Structure formats: structure tokens, C-alpha cells
Amino acid sequence: MYKPNDLVLRTTTSLIAFILLGFAIYLLLAGHNSPGGGFVGGLLTSGAILLMYMAYGMEVVKKIIPINFTLLIPIGLAFAVGTGIGSFIFNVPFLSQTFGYFHLPIFGEIELATAMIFDIGVYFTVVGVMMTIILTIANDQ
Amino acid sequence: MIFAVLIPLIIACFIPLLSKLKDKIHTGIFVFFVPFLIFLYFVQFLGEDFQPIRHTYNWIPSLGINFDFYLDGLSLLFALLISGIGALVVLYSIFYLSKQERLGSFYVYLLMFMTAMLGVVLSDNIFVLYTFWELTSISSFLLIGYWHFKERSRYGALKSMLITIFGGLSMFGGFILLWVVTGTTSIQEMINQVDIILNSSYLPLILAFVLLGAFTKSAQFPFHIWLPDAMEAPTPVSAYLHSATMVKAGLFLIARFSPIFSGSEWFFIVVSLVGIITLCWGSYMAVRQTDLKAILAFSTISQLGMIMAMLGFGTTAAVFAAIFHILNHATFKGSLFMVAGIIDHETGTRDIRKLGGLITFLPITATLALFGTFSMAGVPLPFLNGFYSKELFFDATLHLENTTFLAEVIPYLAVFGSIFTFVYSMYFFFGVFTGPKQLDKLPKKPHEAPIGMLLSPIVLVAGVILIGLFPNIVNAPFLLHAAQAVNPDVEFHKVYFWHGIDSPALHMSLIVVAIGIILFVTRKKWSKVYTILPGKLSLNKVYDQIVEKLDVISGAITRSYMTGSLKNYMSIILATTLIVSFVFMFITNGFTLEYDYLADVTILEVSVVIIMIIAAVATIFTNHNIAAILVLGVVGYGVAILFVVYRAPDIALTQFVIETVTVALFLLCFYHLPKMRKTTDSAGTKMTNMLISVGFGALMTMVAISAHSSNWFESISDYFVETSYKLGGGHNIVNVILVDMRGLDTLFEIAVLGIAALAIIGLIKLKKDKGAQ
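Protein sequences appear in the order of chains A and B. Counting in the working numbering, the first sequence runs from 1 upward without gaps. Counting in the working numbering, the second sequence runs from 1 upward without gaps.
Please note: incorrect hints may appear among the correct ones.
Below, simulated BS3-like cross-link-like pairs (lysine-lysine); rule was C-alpha separation at most 30 angstroms, straight line [as the list claims (entries may be wrong)]: (1) B/525 - B/437; (2) B/354 - B/567; (3) A/62 - B/767; (4) B/445 - B/567; (5) B/150 - B/20; (6) B/444 - B/354; (7) A/63 - B/444; (8) B/150 - B/525; (9) A/62 - B/765; (10) B/24 - B/150; (11) B/445 - B/524; (12) A/63 - B/686.
According to the in silico footprint, chain B covers these stretches of chain A (three or more CB under 8 angstroms from chain B) [what the hints assert, rightly or not]: (13) 11–21; (14) 29–39; (15) 69–78.
Because the hints were derived from the structure by calculation, they are not lab data. These figures come from a predicted structure and were not determined experimentally. For every residue, glycine included, the Cβ atom is placed at its ideal position computed from N, Cα and C.
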């Protein structure tokens, strides 16, 4: 069987994939105040994972990241719906968001918004959806 | 009174239970008491000092639709006919239908019909009347198709259904217009508002719709064609529905509404003309028939035409004669149908060419038939009721209040129709009971019917003779009230057998008898006229053609646009949008062009747009898959750059990534995509496609320009800019809108994504049938 020598690809991937993942997480967290958000963050994350798939092959990546991506879809939706339902506890309408400033050790003064939980839901869903679609179609051959 | 109407329906609910006992007791015996008791109930109202009675039972009071039962002379006449003949028909059917038949269904339908018919004649509310009217159509449909394993039965049932429901619906339209004009649902209150109705601009429509309903139900020309085919029903049904009751519902309707409509000139013209044509055509066609029941069917058509014509005349004498003849016709025609049923039952055939000389085998039946047919023919004998009403009819035709051309012709047409009535009546009697015996042609050896079967026709013939001997016996307590309900001016006048030798009506009767005898004797010589008229002309063919062509044409129309080609559907959808939008834009003068809101154009925008245009045009003309995908990608990235130019970083980011993913997906699926081929479309189709696509592009451009040029409201974006940080705690306004201010949209968008992913799993992983590509 022909096996391509893709040493360059693999070496750069191990570097780039982490940069991509980091950037994706940054986009997710920074979304509230600068360009970015759950959607782009999710897309970039799935892009990084996809790159690993292309460089290392299905079997290896499955071992490294033992996640069933399809499961991420309901998890993400549960996060999103959960923030909505959470509003009821405080006797406010569905999907009411709020925010506040907290002083945490190490991080210092920081702004935390409930909208972030919602964005994380979006993030998980998008990762799940993208990975599911691409892996399903790619595996179909 | 509501019980009198609804009791048949209530009893009908128990018939399926009772019909389980049919091996021991014939179900009809239980049923017999229903019409009999109703008859007794209505008999108590008879009397010279009769006053109309009204009972109201709420149904839908908010719409003015209630069970308003109104019993006046006319309703009483019909109610007595329905219940009286109903009882006789049930008695007859006990001996006619064997216990092997589906008796449960038969009596359920029959009782349903009885309720419907009583409801029609007793309702004062037009909408309730319509409800019962359609119930008669439905139960008649069920009864005609009673032997549903016979092709002819199904055909006849469907035909009567289509024609009577057609009329019923148009009548409903007329009723709605009446209701709109008068604001009331009660017929009696409408009669009080005659002037409003007669001066309404809707009058021609109301008249046409209501008359259409009456004509189809009463089998008037040219809607009579369903009645001969309805003869496939069991004979008790033919005797009951198609001679005595249901076909008279149309006459009832005309009579009921004639206080309103008789003020209109058109009512006289249409109703008299249709009636007299039906009289002539029915009697002319009846002579041609060979089936006993077909003769009687055309005879019914002709007699109904005669009554219809008299109701159209509207004079006091004509109205009285019409009411009188309704009663007389019910007696002799009911008995004749039963006679035909006995002959069929005892010989096994109804074909008059095979019958003959039966008087020796069926002496009682022959006697009954003699009275029935001679009364139908109007033979001048003092014990036949048919003669009196026929003479009154002749008299009425000579004393029309109208002086148009029509009034001059009607007496001649009346004599013409009556001559043929005489001929077919004689043909019916002498063709069956005299002449050579043809026992070898009969499926059964004929013998006299059982007494139970003869009982009902005997009662009816007794009625014929009784009214014949004492023609005034029912006038004062009964017929006068009925006639007065139609025309309040009718006064009591005695009916005499003898009017003197110089009475013109008597001369007409004698002419009818004389020419009738000559025609009957020489029947074989002139019967060739039927090859000339109607010849090959047949209204049945017209009906069959209409039904068939409707099927064929609607099929062709549907197939012409339901081609199964998605391309065609797309063209239709786009072309429709195009035409509607352009026409709308043109009518409302909707296109506006304003230069005030436009920004300056930069070189960057222009160059990006030019690249996109080149790429978009290239997509259309490329013949290669990969090239098309990549060129499409150029358009996508161009859009992303435009987002950057217009300072939308979030959207630009998303657009970049999504475009990449889409292109990647296209390339993944590339293997499965069909090869692009040169289209084989004709130049015309290509031209149309081009026109549609260019037109659609132009439309969208115009809509976009117009929308941009008309700034009607303040934008709400200022609010978002102001409150994004204050309320949402974020500086990224787009993100705050997405997750906070309009989080619900986002929630469902990710749900859409999830569903799409699950659908793809379903499509690819859950392929059960590998063969289905």
C-alpha cells in the first residue's frame, strides 16, 4: 500500500492545530466585547480538529479525542435551552440575560455574563454539527 | 311536531337491531307502524276550520337557524301523502322484498328518507329546509343504489346524485341571496316582504337558482334524465320516492315560494314553459319505452310537468287544479308502480314486449291497473279522479291571465301532451294484460300475487275511485287550505263531472280521447317517428359526455402542468412571482428611486464587485463541476470581502469560514454529483428560462432599489447601539443582539443546524434499501 510521507504536514499540524484551538477559544470568550462568538469559535474548533484528522488519520484522532461529536449537539442545545429556562427561577421571561462584575483570585476584576453560557451552547452545537456532517459524509465512501 | 318529523330517524337507529330477527319477523312489520302513526297524527288536523300551526325548536338561534315547523294546508297535504303512502309502501315492501335481502339497510334508508321529506315540507326555515332537502338526495341515492352489485344501479344512483345535488346547491345559493335581501330565514316572514324581494336587484339570480333546485328535483326538462335511471331501485322505492314524494319536493318548493315569485313575469314564463315542455316530452318519450317502469318514469316526468305548468299559470283555478292533481297523481301513480312491481315479481320480467294476455292469470292486478291507467289517461268516466284534474287543467290553460304569445300556444301543447298520455296509458294496460299470451318468453309461470302485496294498490285504487265518485269530498277540509297556502285568493268551488255539452274543456278531453284511440291503434305505423325525433339525439348522451369530458379534460389540464419535472415547477413558481409582482408594482406605481440616501462608491468596492460579476457569469457558462464549485467560491469570498469593507467583522469571519466549509463539502460530494451535460432543451425553452431568470433578477433589483429609496420609519439600530453595553454588558453589538436581545432566534437556528446534522446521519447511515439510488 502506498503511504505518503507527510512528515512536514504532521509537524506543522501539531503546531497549527493548537494555535487554531487557542484562537477558537479566544474567539468564543472574547465574543461579547470584540468580533467573534460561539459560532465562529465553533467553526474554527472544528476546523482545527479536521486538520488533525487530515494529518493523522481517523484512527489516531479517535484515540486522542475520544468524543462522540454527535452527542455535542444535544449537549449544546441543552446549554442554550437551560439558560432560557434558568430565567424562570428568577421570575423573569424566557432567555433573559444578565451580567455582573466579580473579583476572582488570579484573574482579578472580571465581567461574567449569563449570555456566555448561551454562547457556549452555540459553540458546542456548532462543533457537533460540523464534525457530524463532515465525518458522516467522509466516512461514506 | 318535532316528534312526527324525527321519529323515523329515531326508529332507524333501532332497525339494525330489529333486523337481526328477520328470519322470524320481517323487519318491515316494525317499520309499518312508524308512518302509520305519523299519518294518524296528521289526520287529526283535517277539518274546515284548519288554522296554520307553528312550533319552534332552537338549533342555532344566534344565526336565526331553528327548527321552525310550520303546518299549513300545503304542508299538511304533503305530510299526509308522505306518511300515508309511506305506510302503504312499507306494507307492500314486506311482501315484495324477501328475507334474504339486506332489510336492515333498506328500512334505515327508507326511514331516513321519510324524516328528510317530512322535514322539507314542514320547515319554515330556509336553511333547515335545505338541510332536509339534501338528506332526501342522499337517502334517495342510497335507495337507488340499494342493489349495489348491479352496474346500472350504481350508474343510476350516481346520476341522480349529481343532478339533484347540483340543483340543491344552486337552490342553497338562492336561499342565501334571499336571506341577504330580506334579513330573515323564515319563509312566512319572506312572504310578508314580497315587495322587497321583487324590487331587489338580485331577483333574477334568486329566481334562477331556486327554480333550478326545483326543476332538478322534480325531474323537469332537461334535468329529467336521472328519473328513468333511478328505476333501478327496488319497486317500493320507485313507487314511494320517484312517483309520490321526492319528485314532488320541487313542486312543493315552487308552490311554497309562489306567493313570493308569482309577482314576477319571469316566474310565469319559465315555470309554465318548462312545465309544458316537460309534459309533452315526457309523454311523447313514454310511448317509446319497452320497460314497464321506464314507461311509468316518463309518465311521472310528464305528469310532474303538468303540475309544474299549472303552478306556473298561477291563476286561482290552476293552483287548485295543481293541488288536486298532486293528490290524484300520488294515488294512481303509486298504485301503478306497485302493479308494475307485482307483474315483475310474478312473471320475472318488466319488458312489455314479452308480456301479454296476463288478465287471465292476474285478474285482480289487471283490475287495479285498469283503474290506474284510465285515471292517468284522464278518460272521461265519473269514477276516475284523473279526469277531474285533467279537465281542470284544460280549463286553466284556456283562462290564463297572461296574454303573451305563450298563452296562445299552451292549450295546444296541453292537448298534444295529453294525447300521448292517453296513448301510453292504453299501451301500458292493453300491452300487458291483453293480446297474445307469450308464456314461453316469461322466466316464471305467472300467478296472482299474495293478498298482502295487493293490499296497498287496492287502498290506493280505492282512493282513485272514491275521489272519482265524490270529487268534493276532500275539497273543503283539505285541498282548499292547501291551495290557499299557495294563492290566498283561491275560493271554494265545487268540482263537477258534467259542465255541459258546450264546455271547451270537455271538447279538449274528447279530442284527446278520439285522437288517442286512433294513435294507439295505429301505433306500429307511426312509431318510426322516434328514429327522427329524438333519433340519435339523447340527453343521456349529453350527460355522459359531460361527465366523461370533465374527467378527460381535467386530467389533461392537470397532466399539462404536473409534469413531475422540478425545473418546470420552478419556472411556474418564478414566472408567477414575476408577473404578479410586476403587475402589482405597475398598478400601485411602487417603483421609487431616491439618490439622497446613497453613499459614495470606492474603488475597492467596484473592483470586488467586478470580480464577483465575472465569477457569477462564469458559473453559468462553465461545463465542468470543479470549475463551477471553485468559481462559486470566488463569489463567496467576494461577499466576505464586501463584509469587511462594510465593517462587519463578525459576519465576514463567519462568511469566510462557512464559504470554506461549503466549498470543501461540495468537493467531498463532487464524486457523487451528476456529470454536467450540455442541455438538450430547445431554443424556445432556453429563451423562456433566460427571460424568467433575467426578469427575476430585474425584479429583485427593482424591489431592492425601491425598498432602499423609501425610508418610512426610523431604524431601531440606535437603540441597540445605545443599550448594548448598558443592558447586555458587551461591546460587540452583533454578539449581544445574537445571544441576548434576540437569543430566541439563535436558539432555533442552532436547533436547525442540529436537525440538519441528524438528517444527514439519517440520509447516509440509515440507508436500508441499498438498491434505491
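Hint-by-hint comparison with the structure:
1. Proposed proximity of residue 525 of chain B and residue 437 of chain B is supported: the alpha carbons are some 23 angstroms apart, at most 30 angstroms.
2. Between the alpha carbons of residue 354 of chain B and residue 567 of chain B the distance comes to roughly 65 angstroms, so the proposed pair goes past 30 angstroms and is violated.
3. Under the criterion of a C-alpha separation no larger than 30 angstroms, the hint pairing residue 62 of chain A with residue 767 of chain B is consistent with the structure, at around 24 angstroms.
4. About 71 angstroms separates the Cα atoms of residue 445 of chain B and residue 567 of chain B, which puts this hinted pair outside 30 angstroms; it is violated.
5. Between the alpha carbons of residue 150 of chain B and residue 20 of chain B the distance comes to roughly 25 angstroms, so the proposed pair stays at or under 30 angstroms and holds.
6. For the hint linking residue 444 of chain B to residue 354 of chain B, the alpha-carbon distance of about 12 angstroms falls within 30 angstroms, and the restraint holds.
7. A C-alpha spacing of about 94 angstroms is found between residue 63 of chain A and residue 444 of chain B, which places the hinted pair above 30 angstroms, so the restraint is violated.
8. In summary, the hint linking residue 150 of chain B to residue 525 of chain B is not supported, as the alpha carbons are separated by about 36 angstroms, beyond the 30 angstroms threshold.
9. Distance restraint check for residue 62 of chain A and residue 765 of chain B: the Cα-Cα separation of roughly 19 angstroms lies within the 30 angstroms cut-off, and the hinted pair is therefore satisfied.
10. Restraint check for residue 24 of chain B and residue 150 of chain B: the C-alpha separation of about 28 angstroms stays at or below 30 angstroms, so the hint holds.
11. With a CA separation close to 28 angstroms, the supplied pair residue 445 of chain B and residue 524 of chain B stays within the 30 angstroms bound.
12. Taking the CA atoms of residue 63 of chain A and residue 686 of chain B, the gap is about 55 angstroms. The hint is violated against a cut of 30 angstroms.
13. Counting residues of the segment 11–21 of chain A whose beta carbon lies closer than 8 angstroms to any beta carbon of chain B gives 0, which falls below the threshold of three, so the coverage claim is violated.
14. Evaluation of the coverage hint for the segment 29–39 of chain A: fulfilled, as 9 residues show C-beta separations to chain B shorter than 8 angstroms, against a requirement of three.
15. As drawn, the segment 69–78 of chain A meets chain B at 5 residues by the rule of a beta-carbon pair under 8 angstroms; at three or more, the given contact holds.
Consistency note: the structure conflicts with the earlier hints numbered 2, 4, 7, 8, 12 and 13.
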